[in-house]
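Work the whole structure out from these sequences, hints included.
There are 2 protein chains.
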Amino acid sequence: MSVPNRRLHLNLFILSTGHHEASWRHPNAQPQSATDFDYYRKLAQTAERGKMDSIFIAAKYRLANTIKHRVIPQLEALTLLSALAAATERIGLTGTASTTYNEPYQLARQFASLDHISGGRAGWNIVTSTGDATAQNFSQESHLEHKDRYDKGREFVEVVKRLWHSWSEDALVMDKQSGIYADVNRITGAEFQGKYLSVKGALNLPRSPQTYPVLVQAGSSEDGKQFAAELAEVIFTAQNTMEQAAAFYADVKQRARQLGRSSSQLKIMPGFVPIVGDTEGEAKQKERELNELAVSEYGVKCLSDILQTNLFDCPLDGPLPYDALPSLDEIRGQKARFELMVDLARRESLSIRELIVRTAGGRGHFTYAGTPSQIADVMERWLLSEAADGFNLMPPLLPEGLDDFVDKVVPELQSRGIYRTEYEGRTLREHLGLTKGAETPGRSAQPICETVL
Amino acid sequence: MSVPNRRLHLNLFILSTGHHEASWRHPNAQPQSATDFDYYRKLAQTAERGKMDSIFIAAKYRLANTIKHRVIPQLEALTLLSALAAATERIGLTGTASTTYNEPYQLARQFASLDHISGGRAGWNIVTSTGDATAQNFSQESHLEHKDRYDKGREFVEVVKRLWHSWSEDALVMDKQSGIYADVNRITGAEFQGKYLSVKGALNLPRSPQTYPVLVQAGSSEDGKQFAAELAEVIFTAQNTMEQAAAFYADVKQRARQLGRSSSQLKIMPGFVPIVGDTEGEAKQKERELNELAVSEYGVKCLSDILQTNLFDCPLDGPLPYDALPSLDEIRGQKARFELMVDLARRESLSIRELIVRTAGGRGHFTYAGTPSQIADVMERWLLSEAADGFNLMPPLLPEGLDDFVDKVVPELQSRGIYRTEYEGRTLREHLGLTKGAETPGRSAQPICETVL
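For the record, the sequence lines run as chains A and B.
Read in order, the letters of the first sequence are residues 0 to 452 in numbering that gives the first Met the number 0.
Read in order, the letters of the second sequence are residues 0 to 452 in numbering that gives the first Met the number 0.
Be a bit skeptical, because a hint or two may be false.
Identical copies look the same in the list; a pair holds intra-copy or inter-copy alike.
Said to hold, decoys possible - Mimicking DSSO-like on lysine-lysine, the simulated pairs with C-alpha atoms at most 30 Å apart in a straight line are: (1) Lys-41 to Lys-175; (2) Lys-194 to Lys-151; (3) Lys-59 to Lys-151; (4) Lys-283 to Lys-175; (5) Lys-224 to Lys-252; (6) Lys-59 to Lys-194; (7) Lys-59 to Lys-300; (8) Lys-300 to Lys-175; (9) Lys-59 to Lys-41; (10) Lys-175 to Lys-59; (11) Lys-146 to Lys-300; (12) Lys-67 to Lys-300; (13) Lys-334 to Lys-59; (14) Lys-67 to Lys-175; (15) Lys-334 to Lys-151; (16) Lys-224 to Lys-151; (17) Lys-175 to Lys-407; (18) Lys-59 to Lys-252; (19) Lys-50 to Lys-283.
Treat the hints as calculated values from the structure; they're not laboratory data.
Note that this is a predicted model, so its numbers are computed, not measured.
Right under this line is the structure:
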């Protein structure tokens with residue numbers, strides 16, 4: 000059997016009862032499972048049975064103001080992923096953590112520890128966070144501006160990478176005879192002094208199996224794309240059509256090459272909401288069933304937040320109030336999501352109600368309902384057209400949307416030779432075909448400064 | 000069989016290859032295990048077989064400057080405890096986290112998550128941290144003064160308790176029919192505005208099984224004892240003799256009563272380094288064997304740090320340079336440990352070398368080498384004399400010191416009726432006989448302020 004060059008990478012984005020906003024109301028949903036470890040254990044084990052590269056747990060640093068109508072609370076990413084490390088063998092464990100609201104020393108410790116615990120399966124989705132409500136949970140009045148957030152984010156990533164490199168591979172001597180445990184000349188402090196952060200010492204954990212977690216990034220604004228091209232190894236992105244995805248793919252890979260990076264060291268994985276039916280009709284029926292459970296008050300609230308415009312007084316069956324919308328410059332927070340929503344509504348002439356229903360399943364991510372073979376066709380086409388290196392899977396209803404995918408779509412992908420039938424490596428970087436400890440351009444993997452011991 | 004009123008509580012303090020500073024050099028030690036999850040898994044499972052109340056993982060926020068001669072690095076507490084939650088069923092999971100170098104919102108999330116994951120087995124050892132070297136890993140020039148640290152610590156505990164109470168028990172409605180997931184009137188923001196910290200919003204996790212982790216504290220200075228009497232549910236302490244321990248016990252319980260607390264809601268657990276032999280001679284031999292492995296350069300360095308006095312120029316076989324020591328007021332950091340060391344050297348007229356050897360096994364904690372029956376005698380005497388409610392066990396060599404204790408001492412304690420033969424409860428508070436969600440005096444467990452939703 001000939002093996003094509005390109006193979007899909009799959010990441011399972013776990014979100015409580017599923018990515019459809021109304022999933023918790025579905026007859027098969029168990030909304031109380033959002034804080035139940037056994038529920039997450041089973042999901043992770045199913046994804047591992049499906050030979051996926053990684054699971055992914057997102058994180059917010061505030062309670063959503065839409066909690067009245069939607070289950071959002073879920074377990075905290077780093078603690079949950081650590082527990083799941085003990086319940087799985089091979090699958091990657093990727094979690095979100097913010098560069099705006101964490102201390103780099105502590106975050107470096109936690110990800111290094113997760114990488115040790117899991118034998119090299121950690122991944123870090125780097126976010127800069129959004130919103131004053133979050134800032135006010137962290138002893139601050141207001142959130143940093145978009146550009147400042149990314150500048151602080153750059154400093155943060157630089158510091159934690161220095162910390163993760165602070166023990167050279169041969170720093171552990173462990174010579175019982177002489178009583179020398181570590182060679183202190185092979186351990187170096189971060190010695191970082193920046194505008195936002197300063198960290199002097201070395202990490203208090205020896206180098207982890209991957210040296211550092213796979214760096215994931217999900218910003219799709221101009222600042223976000225540049226940040227990702229500089230340092231991300233995996234990019235999550237929301238793209239509505241294959242054409243848009245291909246343009247994004249070409250843009251970001253080109254930026255990476257211009258920065259001296261190999262474009263193969265950057266995997267682009269758009270979000271994908273698959274709805275699997277044994278017939279196309281059954282899949283469409285499943286999609287309708289979920290959409291009918293959506294609470295319109297919730298949808299209007301979310302869309303108002305994204306567009307930073309109060310839509311409660313607008314007729315639901317009319318168009319967006321395009322003239323009243325803020326300009327992109329005025330948007331604080333998720334600029335790319337704003338653009339995607341306005342663009343989608345304009346292109347397809349959607350009413351507010353239609354836009355809400357259209358995005359209820361995956362918050363603007365690409366959604367497709369069909370048979371296993373149709374879904375595999377779509378994924379294969381995106382892969383071969385260089386619109387994606389793989390997908391960030393967002394089943395609308397969990398666990399059944401995942402079970403359907405693993406039982407029905409995965410064998411279809413495997414039989415086409417575009418997806419692994421067994422794990423070949425042990426670490427997440429190996430699953431993704433990434434070089435161990437790939438470096439930011441211009442920075443060496445060698446100890447950076449003199450010992451502080 | 001008559002059951003006495005008082006029963007021992009046991010906590011296993013896990014520290015890499017053991018609490019003896021030279022344990023890693025022992026022929027049976029595996030120093031590479033310090034970052035090996037399976038090693039910790041087996042230790043936790045052995046402690047659970049021994050029906051212990053909890054395991055305990057400490058945390059530092061800097062690399063020890065003694066790394067040349069001692070294995071200190073171990074996995075990070077919250078990630079490791081979360082992984083161990085998935086590998087155990089009943090034992091408590093207690094970890095250190097600092098009130099000086101964490102953000103309360105994120106720490107509250109992580110402990111609430113651990114409590115959910117483990118079904119109510121989380122414990123938090125509250126520390127305020129020490130030293131400028133730590134501060135310099137957290138974008139600060141120097142460490143807060145002793146009193147300021149405790150003041151910030153009080154604010155921190157107040158904030159996280161508000162966050163842990165932000166969801167009332169009946170806030171989760173989950174009514175699929177009406178589409179109401181949560182009753183937003185039963186979720187309250189922290190609305191805390193202090194000198195050091197301000198946190199406005201509600202936690203984004205529903206109330207955990209224990210509402211909040213068991214609060215543990217280990218300060219033994221005046222500030223530390225007062226802090227503990229105010230809010231701790233468990234106190235770890237270093238005491239050299241039963242008489243000193245009894246005086247400490249009476250002092251802290253009295254302080255708690257004066258603050259309106261029930262003294263039964265505060266469990267005092269001195270550190271205890273047991274060395275188990277089938278004969279007394281074998282136990283003493285084990286102790287000598289470990290002490291002979293100690294590196295004197297390491298011991299002098301540690302003692303110099305504790306006394307904040309350079310001892311490298313002093314004759315090892317002479318006394319401490321008492322006149323050159325700083326006064327207690329001048330000590331920044333661990334005041335109680337300073338007092339304990341000076342007091343021990345004076346009382347027993349120890350040379351510097353003797354003091355180093357005497358404290359090599361447990362850094363000043365009570366150490367006893369004997370047969371299982373002799374060790375049980377000591378523990379029973381401390382318990383019945385109200386010198387302790389239990390012990391924080393610090394085996395000098397792991398895993399074998401733990402195996403010995405569980406296989407030989409635990410049955411002895413059980414046959415005397417002073418230790419459980421089976422877990423009766425599910426949560427750590429149940430193991431410890433603590434009321435669920437005991438409150439700081441003067442603070443109500445009810446939602447504290449108006450909803451911010």
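Evaluation of the provided hints:
With identical chains, the CA atoms of Lys-41 and Lys-175 are at most 30 Å apart between copies only, with a shortest distance of 23 Å across copies and 43 Å within one. Taking CA atoms no more than 30 Å apart as the test, Lys-194 paired with Lys-151 passes in both settings, with 8 Å inside one copy and 25 Å between copies. In the homo-oligomer, the alpha carbons of Lys-59 and Lys-151 lie at most 30 Å apart both inside one protomer (18 Å) and across protomers (25 Å), since each shortest distance falls under that limit. For a Cα distance limit of 30 Å, the shortest separation of Lys-283 from Lys-175 across copies, 22 Å, qualifies, whereas the shortest one inside one copy, 67 Å, does not.
Only within a single protomer do Lys-224 and Lys-252 lie at most 30 Å apart by alpha-carbon distance; the minimum there is 10 Å, versus 59 Å between protomers. In this assembly of identical chains, the alpha carbons of Lys-59 and Lys-194 lie at most 30 Å apart whether taken from the same copy (25 Å) or from different copies (26 Å). Taking CA atoms no more than 30 Å apart as the test, Lys-59 paired with Lys-300 passes inside one copy only; the shortest distance there is 18 Å, against 44 Å between copies. Within a single copy, Lys-300 and Lys-175 get their C-alpha atoms only as close as 64 Å, which misses the 30 Å cut-off; across copies the closest is 19 Å, which meets it.
With identical chains, the CA atoms of Lys-59 and Lys-41 are at most 30 Å apart within one copy only, with a shortest distance of 23 Å there and 34 Å across copies. When the C-alpha separation of Lys-175 and Lys-59 is checked against a cutoff of 30 Å, the pair qualifies only between copies, where the shortest distance is 24 Å, while the shortest distance within a copy is 46 Å. Taking identical chains as interchangeable, the C-alpha atoms of Lys-146 and Lys-300 lie at most 30 Å apart only when both belong to the same chain, with a minimum of 27 Å there against 46 Å between chains. In this assembly of identical chains, Lys-67 and Lys-300 lie within 30 Å of each other by CA distance solely inside one copy; the values are 11 Å within and 58 Å between copies.
Within a single copy, Lys-334 and Lys-59 get their C-alpha atoms as close as 17 Å, which meets the 30 Å cut-off; across copies the closest is 39 Å, which misses it. Taking CA atoms no more than 30 Å apart as the test, Lys-67 paired with Lys-175 passes between copies only; the shortest distance there is 12 Å, against 60 Å inside one copy. In this homomeric assembly, Lys-334 and Lys-151 come within 30 Å of each other (Cα to Cα) only inside a single copy, at 18 Å, whereas the closest approach across copies is 37 Å. In this assembly of identical chains, the alpha carbons of Lys-224 and Lys-151 lie at most 30 Å apart only when taken from the same copy (16 Å versus 40 Å across copies).
In this assembly of identical chains, the alpha carbons of Lys-175 and Lys-407 lie at most 30 Å apart only when taken from different copies (29 Å versus 55 Å within one copy). Taking the closest pair of Cα atoms, Lys-59 and Lys-252 come within 30 Å of each other only inside a single copy of the chain (28 Å); across copies the shortest separation is 41 Å, beyond that limit. In the homo-oligomer, the alpha carbons of Lys-50 and Lys-283 lie at most 30 Å apart inside one protomer (27 Å), although the nearest pairing across protomers, at 54 Å, exceeds that limit.
Comparing the model with each earlier hint shows no violations; every hint is respected.
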